[in-house]
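Novice: Protein chains in written order, with my numbering: chain A, 1 to 361; chain B, 1 to 361; chain C, 1 to 361; chain D, 1 to 361.
Please note that a few of the clues may not be correct.
Straight-line alpha carbon distances no greater than 20 Å define the calculated EDC-like cross-link-like pairs of lysine to aspartate or glutamate that follow [said to hold, decoys possible]:
1. C/75 to A/100
2. A/47 to A/66
3. A/311 to B/261
It is worth saying that the hints were derived from the structure and are not from the lab. Predicted model, so just to flag it, every value in this text is computed and none were measured.
4 protein chains.
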Amino acid sequence: MSFNTFGKFFRFTTWGESHGPAIGCVVDGCPPNIKLNIRDIQLELNKRKPGQSKFTTQRKEDDKVEILSGTFEGKTTGTPISMIIFNKDMRSRDYKNIKDKFRPGHADYTYFKKYGIRDYRGGGRQSARETASRVAAGAIAKQVLQNIIGKKYSVIGAVTQLGILGCDTEKWNDSFITKNHLFCPDKTVLKLWEKYLLGIRKAGSSCGAIIEVRARGVPVGLGAPIYSKLDMDLASAMMSINAVKGVNIGSGMNSAQLSGEQNSDEMSQAGKKTKFKSNNAGGILGGISSGQEIIVSFAVKPTSSILSQRKTINKFGKNTSISVTGRHDPCVGIRAVPIGEAMMHCVILDHYLMNKAQCGN
Amino acid sequence: MSFNTFGKFFRFTTWGESHGPAIGCVVDGCPPNIKLNIRDIQLELNKRKPGQSKFTTQRKEDDKVEILSGTFEGKTTGTPISMIIFNKDMRSRDYKNIKDKFRPGHADYTYFKKYGIRDYRGGGRQSARETASRVAAGAIAKQVLQNIIGKKYSVIGAVTQLGILGCDTEKWNDSFITKNHLFCPDKTVLKLWEKYLLGIRKAGSSCGAIIEVRARGVPVGLGAPIYSKLDMDLASAMMSINAVKGVNIGSGMNSAQLSGEQNSDEMSQAGKKTKFKSNNAGGILGGISSGQEIIVSFAVKPTSSILSQRKTINKFGKNTSISVTGRHDPCVGIRAVPIGEAMMHCVILDHYLMNKAQCGN
Amino acid sequence: MSFNTFGKFFRFTTWGESHGPAIGCVVDGCPPNIKLNIRDIQLELNKRKPGQSKFTTQRKEDDKVEILSGTFEGKTTGTPISMIIFNKDMRSRDYKNIKDKFRPGHADYTYFKKYGIRDYRGGGRQSARETASRVAAGAIAKQVLQNIIGKKYSVIGAVTQLGILGCDTEKWNDSFITKNHLFCPDKTVLKLWEKYLLGIRKAGSSCGAIIEVRARGVPVGLGAPIYSKLDMDLASAMMSINAVKGVNIGSGMNSAQLSGEQNSDEMSQAGKKTKFKSNNAGGILGGISSGQEIIVSFAVKPTSSILSQRKTINKFGKNTSISVTGRHDPCVGIRAVPIGEAMMHCVILDHYLMNKAQCGN
Amino acid sequence: MSFNTFGKFFRFTTWGESHGPAIGCVVDGCPPNIKLNIRDIQLELNKRKPGQSKFTTQRKEDDKVEILSGTFEGKTTGTPISMIIFNKDMRSRDYKNIKDKFRPGHADYTYFKKYGIRDYRGGGRQSARETASRVAAGAIAKQVLQNIIGKKYSVIGAVTQLGILGCDTEKWNDSFITKNHLFCPDKTVLKLWEKYLLGIRKAGSSCGAIIEVRARGVPVGLGAPIYSKLDMDLASAMMSINAVKGVNIGSGMNSAQLSGEQNSDEMSQAGKKTKFKSNNAGGILGGISSGQEIIVSFAVKPTSSILSQRKTINKFGKNTSISVTGRHDPCVGIRAVPIGEAMMHCVILDHYLMNKAQCGN
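The task is simple: from the sequences and hints, build the whole structure.
Specialist: Here it is in structure tokens:
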């Protein structure tokens, strides 16, 4: 049972509601004697936090993380690492308007039906605010992996589709991604995307997005078939992110349309190096990493809170309607990039440790 | 750690290789006092077994299941249910040709790299033969759920895309699905599909497929946020099936292209009944079932074993090539339908029991 | 893997070192809609905290608990409950004297050998300070169980042996236990015990203790054979407490000396009530609760930190010696009473929820 | 949730009832490339099987184990190892006499109350027959550990108390243990024990026993504090064995009576070797192995099925009585020796693998 815990070996447990005093997580199973740089954890959190550009929500979140345990003289000790982020922007706003209504596309209805009670302030536990905790956990996993595997290990994510607009992933450019607010990997489309998104914002509407995350330098052999396959755990990880509705590994859903000749990645050997002619498999065969780049993409549905009036019901079973007033986020998918990266780090470290136990490698 | 176990509460552990003496599974956590009909378990297995039409592999597998424990006088006792299927068609074929080669698109390479040893006969543990065990487990889950929830609970899967050919899911017809060998839900496309598939078969090629599985009568409130969300576990379940590369919940990857107005499913109340105007969410909001139909689809890549020569390497690190001779399976996706149904049953029962513990409902 | 998590359904994860900024725990799987009284949680913590009498250590710990998440308007919401206790008495004492030495009987040596690093201040993670977190978790479990089962459910622990001095458990008196600082259940021995303990304290020595914990009002049917037996989980729970070296269920180790005639508890029926003639089984048969009082006892070894000089080695592999100066705790077992009670609550609630899922009862 | 699974990394799942067609287990997480000697597995099973001397039950069980999966060319492959033991001696005896009665001291009552149904034939799932499966799992763990650690690793168990008769554990003699049917370690008491046990047998009575299991060559550093401590898992393991009511680590319950001076094991260094002056800790400090001999003992209650008439009730809530007729087992504790050894192997391997993942050692 792991209601609020992710991972088997490198595990993190998150807690907290968007409008409680704090949120946080406990990381368990982190290897000892790893130098932790808290500034680098904070940098990952900064990538996720809202209010940074005109393209995402203007809600200010400080997202300052503190470590409460598990380190000694700057190094991990093998004991649980507790991190806390105090909630700052939880002004005592008036929730009278929405406290009894179920916002369509949100989990208001299902939480209420399941638990019979819910903290409606800002979505409570359903809020994407929870993802800050996992970004912190992922930042630790990243440092551990870079310590173990070295700098050849890296993970980078990007938005590869913004609403109805795609991009050319052949033009993927790492450094360009880090320099634009939309995590767009393709220089040639950015301007168009920006214009499109501002239009959506102005209209009070929203759009979805597809995020692609790539991991490089992952050793061959990670993944425990049959029911802890690396792709299972990655699919599970990405699907756990708020508003995600689909996950692809490599060619993903598109592989249905390929022929056998097109799909299976031919192999060849050049000296000590095994090469693959293509990477439809997304770096995973039979649930085990092949040493190729791991490629996962996932779809984030459009923000459900929009300005137009939507029909819904309230908790007394009456028909009503609802609309968002004031600031809104035209595309929640954008901020999902650092979250996807964090989940990738966590899954890979989890499997790295698992494989160590299973095969001694 | 659950290398070969699936589920948290209703759990099954599978074992066995395609060319060992037997395969099987142990189902743990099954509620007591449920009447089990072994004939119905066998019927589900029959749906999966190969050799039934000219469209799938001709390999004959008898797939006769036996129950070794966990029942008494026809009823479950709450103790583990062990099921066994003896392997019959494991003729001592000559594997000399492929024993040292890594078939592209298969897990030969990654298994060998991970474990340093592998049973190459028929794919060993990687073989899709393992899925027979989960179909048996799913058949038990189905009987339990029908016993608890009643006949309004049902799961049905279909092939909604065969290679490059789609179908109209608006024309989905349950009874038609059960009457054709391709699990095609749309009467108007079947002939075309058959012709297309026979062409692929004749050419020694293969194609992928998309499978859609629908569950009806699932109560509202199943799913344990945040890290045992119902959609996480469904994504994980489907991704565990051999050759699956992508998973969608409801509108899935396509939801990236929708606007907020199109996507979020408006709600209304009619008497005691809550209604949704649409089902882009696929019956899951915030990881919890909404009471709507649960809709999951997944892509199965084209069969990797094809007749044309493919470049690869062998375990000594030498370049070589490989091709399948004799019978082959033009679309492994077709037989994934009963497997997807089985996994759906298992996940739903798992969450049903979990919810019982968590919320007492 | 549950390095720092206890429980399967009602789970708590503890974190923190004795001399870090705080300790705490995250409780997951708590049923929703339960009224939580934070004052009652604090009362349980107060029972454990040191510095309350001349019989235990004089170290002052404030142990003030705060709830950071998981409740709304005074009720649980089904989301994780994060609790934090800030460390107050962590004066920057000089640890130079002991930082490189391995105290005999403590986990200094094994932690260092395992992790290659350790927080030596006050024992770090090994410190019994961690147990405050579980007392908090247990206090929640208690409130949940009293809410579900009612007031007939109760747990009470006592010291039944103090060093070489026993007591007559036939004279067990609940209200007397709550009124003396040694949790002694037998009025006739208290004075002797006090004198004995003061003598040990004055001599700078220490003694062990046996704690017995009794749970009443536990429903029949809790316990999941074969590998989540109620007695397994209770043994595991008690053994997890610092310095515990043995656990008995009912007659425990003593049952080896009984004859079959003496041991098995005869049954009879009086109206609707099933009666047992005796309770050698300690309320558990085949790993399942029988409805009788659950009786668990455990031995706590004598405090390892004593005033006499002890031979040991340091982390450089050199022979040396060590002794405690200043205040010491003559019997750590006494403060184990509320910890044992807390673990009992947690295990019973865990199994209560598990049984709900497994058998619907 | 692990109802019928033991272990976290090296895991085994057992299934089967005493009078079903077979029993068995699935071992998951076994490292690959380990040579498995099935004859050695059988030898361990032979130590447990009944009917071998006049001191235990005369019920004949063949206990012939077969491996159905997970090995290839004599070596483990890292995939699940399924083992099966067909039940041979399940003559269709008449159970009419006991089918509705709850035998005192047995789990008949609690199973029925929990599940509402039970297989009463020979105790069904409650039967100690299940332990054959774990002896098989333990035999695999033993071979793996001897392969990894080498021959210096060994586990040996003995009966150290038989009913009211103790022995001198200072006289513990490994080779003597293997040569007598009572697993008695002390040559000087065997004759007395035999006479005593024959007397009990003749009287139709029974007695309990204490078993002590010692593991040598266990590396320092195994055990994951705080909630997967090595002693927690050992206590849990031993408590899972049928009829066990108490578990000690090292001095165990007796440590309550020691003084701090007597109890804590002083350390010294001699060259590269760390030495302990005594072993009250039983080789475990803070839940982590210290490199000393691991010493666990546990009490087995007297056989509940005896020849004298016992009062009880039946499933209809009526008072009745019961007695065993024909052959009976005067001391079930004796056959617990190989079971305790098996559990020791399993726990140590589990923690060995865990530590590999956690600390890379």
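Novice: Could you check the structure against the hints above and give me the numbers of any it violates, in ascending order?
Specialist: none
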